[in-house]
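Working from the sequences, and respecting the hints, build out all of it.
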Amino acid sequence: MSQIVGKVIALIGTLFLAHSAYSTYEHLNYLKAVEQSETVLPVEIAVECLLSAFVALFGVIISAQPFKNVLLESQMASMTIDKFDTRPSFIGFNHRKIVSTQGQLERRLR
Amino acid sequence: MPRFDYTAAIEELQTFRTTNERRSEYVASLGARLIRDKYITKLQDQVWPLYEQITIAALDVNDFDLAKHCLDQLQVRFGDGSLRLQRLKGMFLEAQGKLDEAQKIYDNILEKDATHLLVSKRQIVLLKERNKPEEAIEAMTQYLDTYYDDHEGWIELCNMYLDQHYYEQAAFCCEELIILQPANHIWYLKYAEIVYTLGNLTLAMKHYCKVLELCTDNVRALYGLQLCASKLSSTDHAGDLHALATERLLAIYSKQPEHIRQLVQQYLGK
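So the protein sequences, as listed, match chains A and B.
First residue of the first sequence? That's 1 in the UniProt record's numbering, and the numbers climb one at a time after it.
First residue of the second sequence? That's 1 in the UniProt record's numbering, and the numbers climb one at a time after it.
A hint or two may mislead.
What follows is a list of derived Cβ distance ranges for each label pair [what the hints assert, rightly or not]:
1. P182/B <-> Q3/A: 34 to 40 Å
2. E12/B <-> A46/A: 28 to 34 Å
3. L71/A <-> E135/B: 42 to 48 Å
4. I98/A <-> R77/B: 51 to 57 Å
5. D85/A <-> T202/B: 25 to 31 Å
It should be emphasised that the hints constitute simulated quantities derived from the structure, not laboratory data.
Glycine included, C-beta positions come from ideal geometry on N, C-alpha and C.
Rendered as structure tokens:
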């Protein structure tokens with residue numbers, strides 16, 4: 001649930017960030033048209049940029065997956081003997097090969 | 001079944017490829033289902049290891065039609081130059097019982113590439129399939145002389161020795177495995193059980209404790225510890241360890257239904 005909310009918030013933040021970038025571009029165009037040169041960016045654009053960056057950051061942090069345990073132990077504890085003792089390269093086919101009819105039906109190719 | 005069935009199936013098959021589990025009936029039936037419903041044509045490049053996996057599973061359940069179908073697809077894509085495909089064809093012949101022809105294919109591959117590990121392993125399996133365990137063990141030892149860090153080889157040798165009841169040599173193989181993968185509790189468990197069979201109870205107890213250190217509340221190790229400690233009641237820590245094992249077992253089984261709990265309590269003598 002928090003993932004969806006987080007992703008929505010991150011999306012809104014990114015959109016506003018893009019909007020502030022576009023308004024900077026428009027502002028510079030306006031300055032060229034009016035032939036003034038201003039070295040300081042208007043405060044609204046700067047505020048919008050910073051705020052949208054923080055909102056996007058917040059959204060990404062909320063939507064992150066839960067952390068996995070850094071110790072290998074917790075993963076090892078879930079490994080069963082079946083997963084280690086199989087030796088797949090040494091697989092031998094001279095066993096009983098009991099085949100069930102249901103298995104055969106499930107495996108038909110057409 | 002909705003589409004969700006297929007993506008979940010592919011992911012499951014991929015998990016099996018990483019964990020190396022041997023669930024051939026399940027894998028073969030999933031694979032046949034993917035082929036039958038033509039979902040397999042929608043995958044791009046990840047279809048080739050999938051075909052390999054389905055082929056081996058099909059050979060394990062004696063389904064040669066499915067295996068032939070997959071091999072044909074692989075042949076069309078990779079042709080005769082691929083050694084991996086040659087090995088699969090060798091396995092196909094092995095499963096049909098034509099061991100000499102399989103041997104010829106493997107010799108061929110080893111001529112072209114003398115370091116092909118997987119095919120050297122198949123040669124050893126051929127000796128096992130011809131019911132020549134002693135020669136298989138000898139071949140395996142030679143193989144491990146060259147590639148001593150191949151943990152799969154050591155597990156295989158350990159199991160071969162256990163089949164022939166050479167417990168001390170099997171214990172040696174387990175020691176090598178412990179050196180290679182010191183964080184894996186399974187090898188300590190195997191070593192403890194072999195050493196217990198040989199009668200060396202103090203060593204077995206030490207290793208059961210090590211398993212519990214690596215994997216807390218491992219039930220098999222707890223049972224082993226309880227057994228060893230009850231037989232070694234004379235040594236120092238045995239009493240404490242026995243009490244610990246009994247307490248932990250009762251705690252773990254307290255969440256199980258009544259009749260199981262009663263069995264455990266009866267066994268533990270409480």
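Item to check | Hint check against the structure, violated hint numbers in rising order | outcome: The structure conflicts with hints 2 and 4, although it agrees with all the remaining ones.
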